[in-house]
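Asker: Residue numbers (the numbering used here), protein chains in the order written: chain A, 725 to 1276; chain B, 2 to 102; chain C, 12 to 192.
Where hints are given, some of them may not hold.
[Unchecked claim] The calculated lysine-lysine pairs, modelled on DSSO-like cross-linking and capped at a C-alpha distance of 30 angstroms, are: (1) A/K1171 - A/K1201; (2) A/K752 - C/K157; (3) A/K1024 - A/K1054; (4) A/K737 - C/K184.
Because the hints were derived from the structure by calculation, they are not lab data. This one's a predicted model, so the numbers in the text were calculated from it and none came from an experiment.
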Amino acid sequence: MYIYDDFDHTIAKQRVAEFRDQVNRRIKGELTEEQFRPLRLMNGLYLQLHAYMLRIAVPYGTLSAAQMRKLAHIARVYDRGYGHFTTRQNIQYNWIKLEQVPDLMAELATVQLHGNQTSGNCVRNVTADHFSGVIDGEIEDPRIVSEAIRQWSTFHPEFSWLPRKFKIAVTGAEKDRAAVQWHDIGLHIVRDDAGEVGYAVYVGGGMGRIPVLATKVRGFLPKRELLSYLEAILRVYNRYGRRDNIHKARIKILVRDLGPEEFIRQVEEEWEASRHSGVNLPPEEEIRIARYFEPPAYEKIAVPVAAFEDAKKANRAFAQWISTNVHPHKTPGYAIVTISLKPIGGIPGDASAEQMEAVASLAERFSLAEIRVSHIQNLVLPHVRQADLFAVWQELGKIGFANANAGLVTDIIACPGLDYCSLANARSIPVAQRISERFADLDRQHKIGALQIKISGCINACGHHHAGHIGILGVDKAGQEFYQLTLGGAGDETASTGQLIGPGFSSDGIVDAVEKVIDAYLDLRQPNETFISAYRRVGPAPFKEKLYGVSR
Amino acid sequence: MSKADTPKVLTGNLLRNGATVYYTGSGWSAHVAEAQVAATAAEAEELRKIGAAAYAANLVIDVNVVDVQPTAEHRPTHIREVIRATGPTVRPDLNKSMSPG
Amino acid sequence: MASPVNQVGSNRVLDRNGPITDGWERLADDETVKPGAAVLVSFQRLKNEHNALFAEAAAVGVEVGGDVNLDELEPFLPRLGLIVVRFAFMRDGRPFSVGRLLRERFHYTRDLRAVGDFIPDQILFLLRCGFNSFEAGPDFSVDALKHGVAAYTVWYQRGVERNVTIAERRLGKENLGQESA
Ligand code: SF4
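Please model the entire structure based on the sequences and the hints provided.
Answerer: Written out as structure tokens, the structure is:
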């Protein structure tokens, strides 16, 4: 993990002092709410339905056990004993008091955590593959460049007041677990023909009202030149992105309005003029950062691990959990464990202070004190010895986190929705809970196989419904909660936008509708065909028929 | 949508701690049942002015006048406001009632 | 509303340390130039009347918006004593890019001023983008300005000012750039 040096600590402390001063000035009335609002947002502080909400970044999804303990402590002392892991590798607290935020921030800063740029019209916290550094076939650990981007984007003098929010994601393996094409900038680490490491650069992806998959603006950008290229993109956006209409202010609209070719031409022209101005990271600095992400000292373990293989054979529930929640690790004898925060009928992504502490303890005992946070609102123990998996599974069972459903129909993404969010049109969480209960039978879930349901409570799409195999969008229909259904979305390397399947459903009807879609899939699928593959093969017609009858 | 002939209450969130509150006629309460109700358009306008003044005085933010039912509890008509008045429906353990006590 | 302490009031031009005396006179497009005055005009007027302006005034400054076409401005740069960039609203981020480009790409060296509804908390960022003076609103707090410009002492990025980045400091290259006080 990256460890702050004196400079990083200085910046973190100065940020806390700055925000303390701003909060004081706001309370004294020296700053108006209009002036203060963008400042608090850039510190992750929103006003929601019931209270302030604070969003803390988990930089590129990596947490130490000590950081997790601090998050538990914050939940207990400053909130109501729980937090919510989001789709952007953040954690949110729902019951925050403005007056206490400076002290809370000061506590977080002691463990390298912060709310910097988790909201506001600035470069948001960069996200990365949650299996970074432990998955086989990775060209480079994306957290190295993510940390470089974190530093470069933190309090950037020129790009802190962009037309709109700006999200960057990085993936280092062929399989894209970071949904890079859905970001304002997506970086895919690649090698060119000469074997040199660099980036395929995607620009202009985004969800919201107008879902757009990013345009590939460069097939290969040499690694050393990344920051100057990012500055060129940001500068074109900062100067020419729309500021007159919030719904047209994302970079995706600028790319669309200029046309991809003209946009690329402007970026390249800007880059030519500025690429030698000293923005790129000195090579020594890159090496310094990379050192923090070197693989830990793994034990040499002979495989197969007999105890593990025996336990799988002896215990069907354990074997089921292994099949969904455990991924192969690049090191023999180790495994990557996904901790599902999706108990049947539970609130997706929520964890209590006690659960957080239990996960921290498990990480200390079994995962080299490291935890990851995934954009699917789950946690990950990245370095577990296969011999320890059974114990980990049992321990997780004690805190309700041993659900063998990672990647299955009940591993639902849901935004906070109208239960918390002031922008919401409809609730998301209760819909997720009812779908989860409907499909509670684990054998049925395993029979259905890989399927992502994603639910947003409004068109802002924090629940990534556009990228759901089954997407659900809450709308307000004459004061009633109503839900639209989209099919065929995906967030991986085969990214696609879900298509609206037909008229929406009431809160009561939406769960039946989801079940009908799944039944239709089970009827028509070919052997070993996943939902998304089947949908891509047959298109929407059979699903429409099942939902609305033949006459439509 | 707010209708002119529906009773209304003034609500907002306290600047210092973010708590959802209702204007009672003399101060602010966590409970919508204690809110002062505007029965006429003129009274609603009066509430709006009080809200604007409280906002300008840095006391409350996100100030709104919202519709309620003509019952003793002043239950809001829109689900959003019902949830604001009581808490997240998915955490009944953390909910507050519309009336005090 | 509570009254902020130490507001700039009518003396609205500041530098990083507080209010300064300012000799520039802002002219409407139909106002005549008093010979020998330092005049601040719109970009449209500069384009239309530059010969007369440069002949009559002691010094000429221009006010532009964040959407300014810098290529159009470039021919005038050697003779301008002041460029004022207007914030259309507090969250207008374009002036930051305009400032940096004027300093770094067009090598403009004289007075560069921001005007509009920015707040003290933005000044340090403006300084880092090459601005050196500010025309603020009447309730702009001088105390907050002083606080704000001292909020950070180290930076990850290069800026026009304080050019040593943290990465360079880590390499012991503190003397690469000139850090101003
Ligand atoms: S999608 Fe809408 S309702 Fe859900 S969290 Fe985002 S803004 Fe709120």
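Asker: Hints first: check each against the structure and report whether it holds.
Answerer: To see whether the hints hold, each was checked on the structure:
With a CA separation close to 35 angstroms, the supplied pair A/K1171 and A/K1201 exceeds the 30 angstroms bound. A hinted pair counts as satisfied when its Cα atoms are at most 30 angstroms apart, and A/K752 with C/K157 qualifies at roughly 18 angstroms. Proximity of A/K1024 to A/K1054 is assessed by CA-CA distance (about 12 angstroms); at most 30 angstroms being required, the pair is judged to hold. Only pairs whose Cα atoms come within 30 angstroms are accepted, and A/K737 paired with C/K184 is accepted, the gap being roughly 23 angstroms.
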